[in-house]
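Q: In the order they appear, the protein sequences are chains A and B.
Mapping the first sequence onto the numbering used here, position 97 (from 1) lands on 97, and the numbers just tick up by one.
Mapping the second sequence onto the numbering used here, position 19 (from 1) lands on 19, and the numbers just tick up by one.
Check each hint, because a few of them may be wrong.
[Unchecked claim] Quick look at which bits of chain B chain A covers, simulated, 3 or more residues with Cβ under 8 Å: (1) 162-176; (2) 189-195.
[Said to hold, decoys possible] To give an idea of the interface, some chain A residues facing chain B are shown, with a C-beta separation under 10 Å as derived from the structure: (3) Glu12; (4) Val20; (5) Glu65; (6) Ser70; (7) Ala80.
The hints are simulated quantities; they were obtained by calculation from the structure and are not laboratory data.
Owing to the predicted nature of the structure, the values given are computational and were not obtained by experimental measurement.
Note that beta-carbon positions come from the ideal geometry of N, C-alpha and C, so glycine has one too.
There are 2 protein chains.
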Amino acid sequence: MTTPSSLESLIEALRCLPGVGPKSAQRMAYHLMQHDREGAQRLAGALQLALTALRHCQRCNTFSEAEICSRCQSSKRDPALLCVVETPVDMNMLEQTHAYAGLYYVLMGRVSPLDGVGPAELRLERLLARACDGVVREVIIATNYTNEGEATAHYLGEMLRSRGVSVSRIARGVPVGGELEYVDAGTLAQALRERRPLAA
Amino acid sequence: MTTPSSLESLIEALRCLPGVGPKSAQRMAYHLMQHDREGAQRLAGALQLALTALRHCQRCNTFSEAEICSRCQSSKRDPALLCVVETPVDMNMLEQTHAYAGLYYVLMGRVSPLDGVGPAELRLERLLARACDGVVREVIIATNYTNEGEATAHYLGEMLRSRGVSVSRIARGVPVGGELEYVDAGTLAQALRERRPLAA
Numbered sequence: 001m002t003t004p005s006s007l008e009s010l011i012e013a014l015r016c017l018p019g020v021g022p023k024s025a026q027r028m029a030y031h032l033m034q035h036d037r038e039g040a041q042r043l044a045g046a047l048q049l050a051l052t053a054l055r056h057c058q059r060c061n062t063f064s065e066a067e068i069c070s071r072c073q074s075s076k077r078d079p080a081l082l083c084v085v086e087t088p089v090d091m092n093m094l095e096q097t098h099a100y101a102g103l104y105y106v107l108m109g110r111v112s113p114l115d116g117v118g119p120a121e122l123r124l125e126r127l128l129a130r131a132c133d134g135v136v137r138e139v140i141i142a143t144n145y146t147n148e149g150e151a152t153a154h155y156l157g158e159m160l161r162s163r164g165v166s167v168s169r170i171a172r173g174v175p176v177g178g179e180l181e182y183v184d185a186g187t188l189a190q191a192l193r194e195r196r197p198l199a200a
Numbered sequence: 001m002t003t004p005s006s007l008e009s010l011i012e013a014l015r016c017l018p019g020v021g022p023k024s025a026q027r028m029a030y031h032l033m034q035h036d037r038e039g040a041q042r043l044a045g046a047l048q049l050a051l052t053a054l055r056h057c058q059r060c061n062t063f064s065e066a067e068i069c070s071r072c073q074s075s076k077r078d079p080a081l082l083c084v085v086e087t088p089v090d091m092n093m094l095e096q097t098h099a100y101a102g103l104y105y106v107l108m109g110r111v112s113p114l115d116g117v118g119p120a121e122l123r124l125e126r127l128l129a130r131a132c133d134g135v136v137r138e139v140i141i142a143t144n145y146t147n148e149g150e151a152t153a154h155y156l157g158e159m160l161r162s163r164g165v166s167v168s169r170i171a172r173g174v175p176v177g178g179e180l181e182y183v184d185a186g187t188l189a190q191a192l193r194e195r196r197p198l199a200a
């Protein structure tokens, strides 16, 4: 007497999306079935295609349709620099700065013991092999400055240094355009500690 | 050099979901591809199944896999009462009260000129045919007490009354358990205007 089973299944299936609870899932299902069947059809197709076509680049681990992604294949990038980021989005953010011309390694996550993600789950041995290929001179760790990101950076630093790889970390400090009045104390303390000689 | 096209398409396709902008769509796509490929597979299947199986009940217009839904087929409901609601969710809410044993008609929307939804888009002629089948004695209009819901109720009332159908509207007033101190002035004014003789 209640909701048809195919509608129930759709509502249930929509809950696999992050941030979608029972109420939103219901609203989404009704919306798709009533107002956007074409969109639903397109979504089903896009999911299927992505599941079939997408894999991880064998060199940088980001999502790619090819075995080696176009960025890793490019001859315009400096192969001696390897920047480690948590996610493909972080990589895109760095690309948008136009300030980096080296290569990347995407962790696809972070060390987070509370979520059951340790070095093994991140398959860090692949990063190790990548960083020790004899071409990479410096690994720049660009994980977030969150607790998990910091823990990941620390762990990676230890691991890479023990193999004799030169490791750096992106700078922390007052944001460009930032006013001291509105910067949090922790950031300001770090900016003091990590002060640099004033450029002449 | 950027996002693979199948991933782009997935992000784009996810935006058909209500309330999902570019940032959430990206987060959803990455989450599915990295952490929940099984969920993505299930979602693709559920969409496909719902698109194939779901249609509208020929009598009450709600989502149904059968030509006539089980509620409309039930012999336990009073066919002389027809309650008009905006959405299947509203119908479920009324069902949960256990206070109504008649049948329903689901508009699947509301009159909303700003969104380009008029009587024609709602196909109100189907409701008219349903209400004038000779069995229905009373139509209870249970659209929302929003501007659009009220406009819809007004329009339906005129339309049905002109065909000689008896029409009522669900009551408006102070909520059960409500304290006058916290009820808005509009509701309170209506509760005064629509006062009823005190039951002995």
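Q: Please list, smallest to largest, the hint numbers that this structure does not respect.
A: 1, 2, 7
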